[in-house]
Amino acid sequence: MAGVWVYAETVDGAPKPIALELLTKARALGEPTAISLGPGASKAAETLGRYGAKKVYVHEDPAFVEVLASPAVDLLARLIEKEPPGLVLFGMTYEGRDVAARLSARLGTALIANATDVTNKDGGWAVVSPVFGGSMLVTTVSRTKEPTLVLLRPKAVTAEPAAGGEAPQVETLSDPVDTSKPAARVLRREKEKATGPRLEDAAVIVSGGRGLGAPENFKMLDELAAELGAAVGASRAVVDAGWKPYAFQIGQTGKTVKPAVYIAVGISGAMQHTVGMKGAKTIIAINKDREAPIFKMADLGIVGDVHKIVPQLIQEVRSRKGK
Amino acid sequence: MNVLVCVKQIPDPNAPGKLDPQTKRLVREGVDLVLDPGDEHAVEAGLQLVEKDGGEVTIISMGPPRALEAIRRALAMGAHRGILVTDPELENSDALSTARAIAAAIKGQAFDLIICGTESTDGSSGAMPAQLAELLGLPLLSFAKKLQVSSGKAVIDRQTDEGYDVVEAPLPAVVTVTGGMNEARYPALRGIMQAKNKEVKQLALAEIRLDGQAGKAALTQEVVEVVPAEARKAGEVVEDRGDGAKRVADFLKELKVI
Numbered sequence: 007m008a009g010v011w012v013y014a015e016t017v018d019g020a021p022k023p024i025a026l027e028l029l030t031k032a033r034a035l036g037e038p039t040a041i042s043l044g045p046g047a048s049k050a051a052e053t054l055g056r057y058g059a060k061k062v063y064v065h066e067d068p069a070f071v072e073v074l075a076s077p078a079v080d081l082l083a084r085l086i087e088k089e090p091p092g093l094v095l096f097g098m099t100y101e102g103r104d105v106a107a108r109l110s111a112r113l114g115t116a117l118i119a120n121a122t123d124v125t126n127k128d129g130g131w132a133v134v135s136p137v138f139g140g141s142m143l144v145t146t147v148s149r150t151k152e153p154t155l156v157l158l159r160p161k162a163v164t165a166e167p168a169a170g171g172e173a174p175q176v177e178t179l180s181d182p183v184d185t186s187k188p189a190a191r192v193l194r195r196e197k198e199k200a201t202g203p204r205l206e207d208a209a210v211i212v213s214g215g216r217g218l219g220a221p222e223n224f225k226m227l228d229e230l231a232a233e234l235g236a237a238v239g240a241s242r243a244v245v246d247a248g249w250k251p252y253a254f255q256i257g258q259t260g261k262t263v264k265p266a267v268y269i270a271v272g273i274s275g276a277m278q279h280t281v282g283m284k285g286a287k288t289i290i291a292i293n294k295d296r297e298a299p300i301f302k303m304a305d306l307g308i309v310g311d312v313h314k315i316v317p318q319l320i321q322e323v324r325s326r327k328g329k
Numbered sequence: 008m009n010v011l012v013c014v015k016q017i018p019d020p021n022a023p024g025k026l027d028p029q030t031k032r033l034v035r036e037g038v039d040l041v042l043d044p045g046d047e048h049a050v051e052a053g054l055q056l057v058e059k060d061g062g063e064v065t066i067i068s069m070g071p072p073r074a075l076e077a078i079r080r081a082l083a084m085g086a087h088r089g090i091l092v093t094d095p096e097l098e099n100s101d102a103l104s105t106a107r108a109i110a111a112a113i114k115g116q117a118f119d120l121i122i123c124g125t126e127s128t129d130g131s132s133g134a135m136p137a138q139l140a141e142l143l144g145l146p147l148l149s150f151a152k153k154l155q156v157s158s159g160k161a162v163i164d165r166q167t168d169e170g171y172d173v174v175e176a177p178l179p180a181v182v183t184v185t186g187g188m189n190e191a192r193y194p195a196l197r198g199i200m201q202a203k204n205k206e207v208k209q210l211a212l213a214e215i216r217l218d219g220q221a222g223k224a225a226l227t228q229e230v231v232e233v234v235p236a237e238a239r240k241a242g243e244v245v246e247d248r249g250d251g252a253k254r255v256a257d258f259l260k261e262l263k264v265i
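Keeping their order, the protein sequence lines are chains A and B. Take 7 as the starting number for the first sequence in the numbering used here and just add one per residue. Take 8 as the starting number for the second sequence in the numbering used here and just add one per residue.
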């Protein structure tokens with residue numbers, strides 16, 4: 007079977023959800039090997055095995071978390087040269103994108119981004135990515151030597167433990183990490199206080215767009231979200247306008263979310279946005295423009311003034327919760 | 008302080024895009040083409056740096072001859088000169104071919120910083136800046152939501168899932184900026200007039216000497232199929248007659264959210 011590698015991002019020795027999603031996909035395609043880097047990485051091996059990794063390469067050098075991308079690229083390039091896999095899967099994340107893109111330039115191999123599915127095809131890999139807000143799906147194949155590098159969007163695959171997943175063979179690497187080259191070094195990490203659930207994990211999301219009119223109107227969405235135990239998201243238009251930081255952005259550029267309920271407020275439903283949220287189980291849209299494309303995908307659409315409806319909705323929710 | 012800013016001309020993101028089912032390429036005819044709004048933040052970041060420290064901003068793009076208009080827009084914002092890599096052979100280039108062409112085109116240019124948007128709004132692979140950094144052997148400061156340059160170093164606040172990391176790299180370096188880092192200026196009439204007289208160097212593939220590393224022979228990937236995705240069915244759409252909020256609350260109750 008073809009070797010399929012997974013770049014398994016970890017945090018403090020625990021695999022990130024994306025690593026387990028990638029392994030779930032990888033084991034349908036071949037025999038998965040995971041690469042886990044940074045202090046505590048070896049602790050992740052057991053979980054990676056449960057999700058299908060047969061082998062885990064571990065390297066615990068702190069440089070992998072202190073220096074962006076380059077040490078990981080150096081190591082991956084060395085490992086690939088020794089024993090080229092057919093496919094390497096990365097998450098479409100801040101870290102995954104930098105590592106995969108640099109690696110593709112280093113190796114001169116194809117990098118296919120924004121993927122939602124990968125299948126075996128004619129001895130190679132067919133990679134499916136949504137375009138135009140997910141209204142079309144394109145299938146892309148590599149024309150270079152192996153391995154094909156693929157960036158899989160978070161939540162494209164539901165992570166499931168492998169049937170009979172066993173303890174993987176762990177190979178601990180200790181080759182020296184070259185830190186002499188000019189590099190991007192992390193000086194410190196700042197955690198921003200978050201209220202409510204993370205966008206990626208939230209069962210309910212309240213999301214705002216240009217139709218809110220002004221940045222201060224996001225406050226009413228914060229209030230609504232607090233009542234519903236929801237996370238707050240934003241469209242690209244309002245992130246570009248500086249109303250909300252990039253971390254709030256949902257869409258093709260930004261996060262992919264799959265909540266049970268998605269409430270789009272003043273969002274027209276540009277394709278750039280809908281690709282990131284069309285996986286929501288139920289969509290509710292409030293917008294003043296009857297022709298807004300968001301209404302073509304909403305389970306319930308209210309045509310009206312968000313500045314009137316949202317405060318009323320907060321009151322409605324409060325009074326019903328009171329009962 | 009000399010800054011290179013990479014920009015891309017894209018179909019107006021507010022107009023629905025179309026793929027030609029035959030050629031599997033973007034339909035460009037009859038579509039308004041604009042400077043990628045994400046790149047406007049990169050241009051703005053470059054302009055703010057040279058306004059503070061002196062120096063010049065050079066805009067570089069690859070695309071058809073029409074992409075000149077996107078460069079002119081950046082020049083109208085205040086950038087000093089432009090470079091357009093344009094060659095029929097480079098049509099339909101993927102990110103890696105583009106990165107190779109840009110890397111080759113800037114050979115011999117003196118620069119301290121290359122600034123790019125985080126990803127293009129149309130292709131949105133976000134791979135080109137990191138590939139360019141790798142080809143040039145430079146550090147990449149990605150997903151910057153704040154950028155400061157002093158004493159030969161660039162320091163950014165880099166977006167993370169939990170907040171941000173403060174990340175530092177020596178110059179020269181490549182930086183990608185996220186939307187919302189700054190408010191991109193709107194070109195003034197004077198800027199638009201001046202832009203017409205600014206130099207834009209046009210380079211063909213032969214002039215950048217890529218020898219088969221870019222262009223049709225060097226494509227790393229090929230689109231083999233384009234199909235419509237399963238569409239979500241529209242539900243009920245109602246006008247708000249004072250009961251809109253109640254309708255939503257009823258529905259949320261039904262869904263057991265409240």
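Please keep in mind that the hints were generated in silico from the structure rather than gathered at the bench. In this text, a Cβ means the ideal position worked out from N, Cα and C, and glycines have one as well. A couple of the hints might just be wrong.
Pairs of lysine-lysine residues, derived as DSS-like cross-links and limited to a Cα-Cα distance of at most 25 Å, are as follows [claimed, not checked]:
| # | chain 1 | residue 1 | chain 2 | residue 2 |
| --- | --- | --- | --- | --- |
| 1 | B | K114 | A | K264 |
| 2 | A | K302 | B | K240 |
| 3 | A | K161 | A | K88 |
| 4 | B | K240 | B | K114 |
| 5 | B | K260 | A | K294 |
| 6 | A | K61 | A | K187 |
Have a look at the derived ranges for each label pair, beta carbon to beta carbon [unchecked claim]:
| # | chain 1 | residue 1 | chain 2 | residue 2 | range |
| --- | --- | --- | --- | --- | --- |
| 7 | B | K240 | A | E206 | 39 to 47 Å |
| 8 | A | A232 | B | G159 | 41 to 49 Å |
| 9 | A | D295 | B | D60 | 19 to 27 Å |
| 10 | A | K88 | B | I199 | 54 to 62 Å |
| 11 | A | A266 | B | G219 | 47 to 55 Å |
| 12 | A | K314 | B | P235 | 53 to 61 Å |
| 13 | A | S186 | B | A117 | 45 to 53 Å |
| 14 | B | D60 | A | E206 | 53 to 61 Å |
| 15 | B | K59 | A | D228 | 46 to 54 Å |
| 16 | A | G170 | B | L262 | 32 to 40 Å |
| 17 | A | K314 | B | K240 | 47 to 55 Å |
| 18 | A | Q175 | B | D19 | 50 to 58 Å |
Hint check:
1. For the proposed pair K114 of chain B and K264 of chain A, the alpha carbon gap of about 45 Å is over 25 Å, so the pair is violated.
2. Note on K302 of chain A and K240 of chain B: the hinted pairing holds, with a Cα-Cα distance of about 7 Å set against a maximum of 25 Å.
3. Among the hinted pairs, K161 of chain A with K88 of chain A is inconsistent with the structure: their alpha-carbon atoms are about 32 Å apart, more than 25 Å.
4. Proximity of K240 of chain B to K114 of chain B is assessed by CA-CA distance (about 52 Å); at most 25 Å being required, the pair is judged violated.
5. Of the supplied pair hints, the one linking K260 of chain B and K294 of chain A holds, its CA atoms being roughly 24 Å apart against a limit of 25 Å.
6. With a CA separation close to 30 Å, the supplied pair K61 of chain A and K187 of chain A exceeds the 25 Å bound.
7. Against the hinted window of 39 to 47 Å, the Cβ-Cβ separation of K240 of chain B and E206 of chain A comes to about 26 Å, which falls outside the hint.
8. Restraint check, A232 of chain A to G159 of chain B: a C-beta distance of roughly 46 Å satisfies the suggested window 41 to 49 Å.
9. Taking the beta carbon of each, D295 of chain A and D60 of chain B are about 45 Å apart, not inside 19 to 27 Å as hinted.
10. Look at K88 of chain A against I199 of chain B: about 56 Å separates their beta carbons, and that is inside 54 to 62 Å.
11. Between A266 of chain A and G219 of chain B the C-beta distance comes to about 51 Å, which sits within the given range of 47 to 55 Å.
12. The hinted range of 53 to 61 Å is not satisfied by K314 of chain A and P235 of chain B, whose Cβ atoms lie roughly 37 Å apart.
13. S186 of chain A and A117 of chain B have their C-beta atoms about 24 Å apart, which leaves the hinted 45 to 53 Å range violated.
14. Between D60 of chain B and E206 of chain A the C-beta distance comes to about 39 Å, which lies outside the given range of 53 to 61 Å.
15. For K59 of chain B paired with D228 of chain A, a C-beta distance near 35 Å fails the hint of 46 to 54 Å.
16. Here the CB-CB span from G170 of chain A to L262 of chain B is close to 37 Å, well matched to the stated 32 to 40 Å.
17. Between K314 of chain A and K240 of chain B the CB atoms are about 28 Å apart, so this pair departs from the stated range of 47 to 55 Å.
18. Checked against the given bound of 50 to 58 Å, the beta carbons of Q175 of chain A and D19 of chain B, roughly 52 Å apart, stay inside it.
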